[in-house]
Structures are given as structure tokens and as C-alpha cells.
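J.: As a plain string of letters, each chain reads:
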Amino acid sequence: MADLSQNPGGQDPVALFERHRAQLIRDRMTANILLAVLFFAFLAWSIWIANFTPERLAQGVPRIFEYFGTVMPSFSMDVLLDGRNAEGRFPPGSIGFWYNDFWKYITLIWETILMALTATLLGTGLAVILSFLAARNTTPHPVVGTFARRFLEFCRGVPEILFALVLVFWVGIGPLAGVLAITIHAAGALGKLFSEVVENASMRPVDGMKAVGGSWFEQMRYGILPQVMPNFTSYALWRFEINVRASAVVGFVGAGGIGAELSHVISFFSDDRVTAVLLLVVLLVTAIDLLSERARHALIGKEALK
Amino acid sequence: MLEFKGLTKQFRDTIAVKPATLTIPDGQMVGIIGRSGAGKSTLLRMINRLNEPSGGQMLFHGRDITALKGRELRQWRNECAMVFQQFNLVGRLDVLTNVMSGRLFHHGFISSMAGMFSAKERAFAIRALDRLGMAHVALQQTDTLSGGQMQRVAIARALVQEPRIMLADEPIASLDPLNAKVVMDALRAINQEDGLTVVCNLHTLDTARQYCDRIIGMQDGVIVFDGTAKQLTDKAAREIYGAEAEEAFSEAMTSTTLRPSDKPEAATPRVVN
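Here the protein sequences line up with chains A and B, keeping their order.
With full-length UniProt numbering as the guide, the letters of the first sequence map in order to residues 1 to 306.
With full-length UniProt numbering as the guide, the letters of the second sequence map in order to residues 1 to 273.
Treat the hints with caution; some may be incorrect.
Okay, the calculated bits of chain B under chain A, using three or more residues with CB under 8 Å as the criterion [unchecked claim]: (1) 68 to 77; (2) 84 to 95; (3) 102 to 114.
Because the hints were derived from the structure by calculation, they are not lab data.
We put the CB at the ideal spot given by N, CA and C, even for glycine.
Construct all of the structure, not just a fragment, from the sequences and the given hints.
T.: Put into C-alpha cells, the structure is as follows:
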């Protein structure tokens, strides 16, 4: 057995190690100081550009309440819960008057949920296929992988609202444009996350499937998919929450859902109808968030026990 | 008959397997021994092309294996099943599906993507599992099994491929002596009862001597020994293992329980097909 306490040069190994370590620490220190200087330079620049000063913030505060003042419903307590009167109208100051278009809103909100659901399903399907092509360990060819990654970057790099604008010209005003726009963006974002999950999966089952004579599709279906399924499901549910918010926004450019109504009441009335719609949207998003969080936790909890 | 004609494998700047020429007749049980890094695994994985050979040729009954592509290559892989050191099963699928995945080559795109297996395939898989004494866990999730059980499931998967050759890459290196014996007994039974050619890499000298008709010794990518267990004297073994000889011999000492039984119990029920 070789004598480990001596290296060929005859130097003390501890001194050698300490010198190497000190050098490493010095190198890292220089890099860290450089980064800190850069960070503060950019911070100062952005404050200057945004004109971000405490006085400006303080001046603006009353105006926020001004706006809320104009869109707040004005209730009068004596008619608050009154129903329709003889002419079939709700008296001004009642909840019924405030939510005169309640069923219209509900129909549109239901449309919004369905849009988000369809877009999530389509986007997830696309993302699964693209992620196997994009992940470095499973891609059938490096060139295909590069193309898939660039394509995913494009899909998630362009905002939904921009896709929606273009698609409204292509397929016309309505939910289809919104669904397609959100699908593209969700596929891009999920595809990236999925491909990272795939890159962390064990390749041993893939070797096993290769050795039984399985094709690339069979290697993915049997070797990878069972390993990544819980993660994929969890990410897809989380994306559904985001897509609900997104489908409430794409309506602003005519791509269906409650967003169209919100945009309409803001620009045409700017009265208590704005808060009526907003309140429903906030309630919907909160409810979906809570439900999906529960679903995800149930799923993760179940998987953790296995 | 499997013929190697100057088969070689080169990774960037190291030659893992120097031109190897040998012939393995049908029905032989061959053990490849050597220290770690000698090129045993590379040689074995070149047979089913999990590692691409960099040069030379390999023929199986006159068919050029090294030239196969696409579907023909997958057909060849289906004909020569492989058992791995780490089992390479799909842990999150049940045992039965893992075994049935050995039939995937015979499936079309739709049925394999949908995971549809016929009743006949299910029966075949259960018989293969039963032959290895594992039918009772058929519906259990695979990653709940012990290492020895997983290796037996992996052998069942290999059996439902109806292979002509069985490759085993260090099949017992991750197992305790008792499970190692069960697995080696099963491989020997497959060799003797079904007449399959079995080629396995083994780390321990003792196991190779006990189970194999023929032993091939490798050192630094070169085949330095090719003969029967009797011809493998201690002196020859020491040459194969070089500096690791002491380790290989002492490992043989600790696995003295590894004696093949007269009638391997794992192999009584036959796969009928």
C-alpha cells in the first residue's frame, strides 16, 4: 500500500490544501463584490427611471380612494333586501339593483372556468409531448431537443394577451381565441417545468424498456411517465389556477369570458357594476385556488406515503 | 451461435473493449469475470446494442447484429433479453405490468400507449412469475419489493420476451448471498430446462465457477482467459484480477452459501407456450 502521507513533491498535504482553499475563497470574494456593485447600480438606475419616490406614493394615495368612491355601490338600508317592484325593477340602493345582471355574470364566469379547463387540458397534453422532446436525457436527437426548448421558450415568452389579440383576428371574437391563446402559453410554461422533472427521472427503467425492444414512445410511456406522473398532475393543477386568472384577462381583447364584461363596465359605466363583477372574479379565483390547493396537497400526501 | 469478430468499443480517449473475437454456441452458460472497469459490462451491453460497438462485427446465426437498425434492432433486443444489476424495473407500476412490458415489441402503437394487454399475455406473465415463485405479488407496486424479489420479477420480464439469449449484467451484485443463490439457480434452470444461451457478468469468482459451463476472463478490455471452470486455476484467476485478486478471493470465502442446489426450487413450474 502506498504511503498516503507523502505526495511526490514531498510537500505537506495540509499546507497544500490550505493554500488551494485560500485561493478559492479569494476568487469567490472578488466575484461576489463585483456582483453586489452591479446589483446596486441596476437598482439605482431602475429607481431613477421609475421616478420611485416616497412623496409621489404619498400624493397618489387619496386618488386610489377617489376611484373606489365612484365604483362603490350606494345602499339605502330600508330597501336593501327588497325584491322587484310593480314595474319588475329593483329599487335603487338594494342588492338586487347592484346585481341586476347577476345571471349574466354567472354565465360568463362559468364560460371563464370552462375556458381555463379546456386550455389546461390541451396545454398539459402538448407540454407532456414537448417535454419528452426537450429534456436532455430523453430527446430523440439533440437538434430536436434544441428546437423543442426554443419553441417552448417562444410559447411562454409571449404574453397570453398578445396571442389572444392575434388569434381574435384569426378565429374571430369569442372564447375559442382565448382558449387557444392560454393553451399556447400554458404549454410553454408547463413544458419547461415538465422537462425539468423528466431530466431528474431515473434512466434505469428506460434502459429496461430499451432492452425489451421498446420504441422511443414505449420507453417514455413505461420508463418515464409513471415516475413523473404525480409531479405532472400537481403542476397541471397549479397551472389551472393561473389559467383561470388568465382567462378572466384575455376577455379584454375580445377573447371570451368574464373579462369582456369587466372591460365593458369599466370603459362604459365606471360605476358600481365594476365592483359587482370584480367581487365575483375575486371570489371565483379564491375558491379555485383553495380547491386546487387541497387537491394538490391530497395528491402529494398520498404519493409521499407510498 | 453468437460470433464476435473483432468487436471493439472506444470511449473518447479510452478503449473499453479491445478487438474481441469469440464464439458462443447455443445453450451455453457463460460467465464473464474480471475486476471492475475491465470492460465486462461494455462487452455485454454491446450484444444487445445498449452500447454501440465502435468497430468489428457480431453475428447471430449468420445475421449481422452490428448493422441492425430501427425495428430490426428492436426485434433483436426482444430476442436477447437482459437482466440488470439494478433490476431496471418501473417502480411505480405493478409487478404484472412490469412483466407484461416484456411483450411490448409485439404491440402496436395504440395498444402499448393505452397499456392494453390481452388475457393471454396476462396468463403468460403470471406463469412466468409463478415459475420464479413470485405470482403472489403480481398486483403489488414494484418498488415495495425487496432486491431479491425485484430481480426475480426482472427475470420473469425477460422470460415473457421468449428470448433466444439471456444476458445478465452483474445480476447478483446488489443482492445478499441467499437471494443471489435464488437468482443464480433461476438463471441456471432457464439455461438447462429451456436451453437458452445465458451470458452473465459476475463479480465473484466462486459463483462463476459454480454455475458456468465456460468462463471468460477480461483484463483492461482484453479477453485473457477462455475456458472451463476446471481450467481456471487460482494462478489464472490471480492474473485476471491483478491487484484486486485478494478481494475477489475473500469475497468467494464469504459467499460459501452459494452452492447450486440439485433441483432448483424456483424453477419447477414451466412456462407453457
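J.: For every hint, state whether the structure bears it out.
T.: Now the hints, each set against the structure:
Given a C-beta distance limit of less than 8 Å, the hint that chain A covers the region 68 to 77 of chain B holds, as 4 residues qualify and 3 suffice. Counting residues of the region 84 to 95 of chain B whose beta carbon lies closer than 8 Å to any beta carbon of chain A gives 9, which reaches the threshold of three, so the coverage claim holds. Check result for the region 102 to 114 of chain B against chain A: holds, 7 residues qualifying (beta carbon to beta carbon below 8 Å, three or more required).
Hint compliance for this structure: every hint is met.
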